[in-house]
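Place chain B on chain A using the hints.
Chains as they are written, first to last, in the numbering used here: chain A, 324 to 552; chain B, 324 to 552.
A few of these clues could be false.
Claimed, not checked - Distance ranges between label pairs, derived from CB positions:
(1) A:380 x B:523: 43 to 49 Å
(2) B:512 x A:328: 52 to 58 Å
(3) B:506 x A:484: 53 to 59 Å
(4) B:329 x A:383: 52 to 58 Å
(5) B:330 x A:442: 39 to 45 Å
(6) B:485 x A:328: 39 to 45 Å
(7) A:417 x B:376: 33 to 39 Å
(8) A:395 x B:548: 36 to 42 Å
(9) B:548 x A:363: 51 to 57 Å
Read the hints as simulated data drawn from the structure, not as lab findings. In this text, a Cβ means the ideal position worked out from N, Cα and C, and glycines have one as well.
Number of protein chains: 2
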Amino acid sequence: MQENNKTRAVVLLSGGLDSTTALAWASLKQDWDCYTIAFDYGQRHRIELEASAQVAQVFKSKRHQVIAVDLQAIGGSALTSDIDVPKDMQDAAGIPATYVPARNLIFLSLAAAFAETVGANKLVIGANIVDYSGYPDCRPDFLTAFTRAADLGTKVGVQAGGFEVVAPLIKLSKAEIIQLGLSLGVDYAMTRSCYDPDAAGQPCGHCDSCHFRLQGFAEIKQQDPLLSS
Amino acid sequence: MQENNKTRAVVLLSGGLDSTTALAWASLKQDWDCYTIAFDYGQRHRIELEASAQVAQVFKSKRHQVIAVDLQAIGGSALTSDIDVPKDMQDAAGIPATYVPARNLIFLSLAAAFAETVGANKLVIGANIVDYSGYPDCRPDFLTAFTRAADLGTKVGVQAGGFEVVAPLIKLSKAEIIQLGLSLGVDYAMTRSCYDPDAAGQPCGHCDSCHFRLQGFAEIKQQDPLLSS
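Chain A on its own, in the form it takes in the complex (with noise of 0.2 Å):
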């Protein structure tokens, strides 16, 4: 055993089918030793944080840390604040209303903090260009910025050798992403992509990342297991 020796990587976590799979990937493909972080930021679709603890334990996080961000009191986003999730992909052109402010920056920052602490370089998001290319914080130019700006202001930066954004998904069509998790075993029945799900955390079926997850799946001809389940 030398697990010590093996590569420790932090994976930005929200329970949704795209870090799933890029958790799935860093686990099993590349058998780096996984600590996972997910943020609690005032988002309505909290459900999405009881998967992520789930698929944590089922990937064999090394440790599963909840950082509470508040966000919904900067607003500004259909996920935090009182704007409507938009529905049936009624305006898809620009930036989508469930774009949250610099969600990502903030996102990754805290990942790096927390890898820092934790030993770990490599800073795994499961960033999508194709099906979401309306958020600025998705894009591979945003992703290079903010390594160079994450080595230039923290420990591991000046001393430990730097980070690695690391985006497995970057390219791929959700149908392929969904492939991709299949072929690694991943059960997506524990994940929760839904913006707007209901009280009983059930999907709405009708807003982008329903649409996006449910086409996905069609296209491969498979069922959803959270549907039929």
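Positioned in the frame of chain A, the structure of chain B alone reads:
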């Protein structure tokens, strides 16, 4: 009155000597409409949050926003964890124990989110490299890299001309910062700098922050009004 045409800035306001001076500069010398942001991050020196709210009021902050972000859960710093705050400058080499992992990266990210919702492009920070050269996240290179990441990862960057991070104190000595503040009428009795105050909020007089503050006032032959108040 054309107040709505005034430049808007978000000022990171800890309630300490530096950030208070930066706010005075932005508000009185630049005549910007200032929105202030403070962070409740599990710091030992929570009295700074009260100072911050008072300073915000004195300098007519348009909105003072306290954001809760649980950095104590991440740990790794004398300011949030069980590590002792170093006294009497025993170990000034390298990165100090009072370094908080990725703090300015996290705080600037949250400030960028706040700026986005209030329509501000400028982020004002009291970062300084003269006294605290050990903190990587106070260096100009970091601030430049952060600006680039924020521009690529936010709506302001993509649609509204981008951010400017302004660090008016970056190359000033503590004495010069105090002189600037006094010339703008800052009452330093309001501000709190100590990393490790007692239960009544009184400064310890021995941590790095107290040390530089005392030295700064001594250099310009002034009495720190906090100590005589």
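Hint-by-hint comparison with the structure:
Checked against the hint of 43 to 49 Å, the C-beta distance between residue 380 (chain A) and residue 523 (chain B) comes to roughly 45 Å, which is consistent with it. A C-beta distance of roughly 55 Å is found between residue 512 (chain B) and residue 328 (chain A), which places it inside the suggested range of 52 to 58 Å. The hinted range of 53 to 59 Å is not satisfied by residue 506 (chain B) and residue 484 (chain A), whose Cβ atoms lie roughly 44 Å apart. The beta-carbon spacing between residue 329 (chain B) and residue 383 (chain A), approximately 54 Å, falls within the hinted interval of 52 to 58 Å.
Taken as a hint, the range 39 to 45 Å holds for the pair residue 330 (chain B) and residue 442 (chain A), whose Cβ atoms sit roughly 43 Å apart. Range check, residue 485 (chain B) to residue 328 (chain A): about 43 Å between beta-carbon atoms, so the 39 to 45 Å window is met. Range check, residue 417 (chain A) to residue 376 (chain B): Cβ separation about 37 Å, and the 33 to 39 Å hint holds. Checked against the hint of 36 to 42 Å, the C-beta distance between residue 395 (chain A) and residue 548 (chain B) comes to roughly 38 Å, which is consistent with it.
For the hinted restraint 51 to 57 Å between residue 548 (chain B) and residue 363 (chain A), the CB-CB distance of approximately 40 Å leaves it violated.
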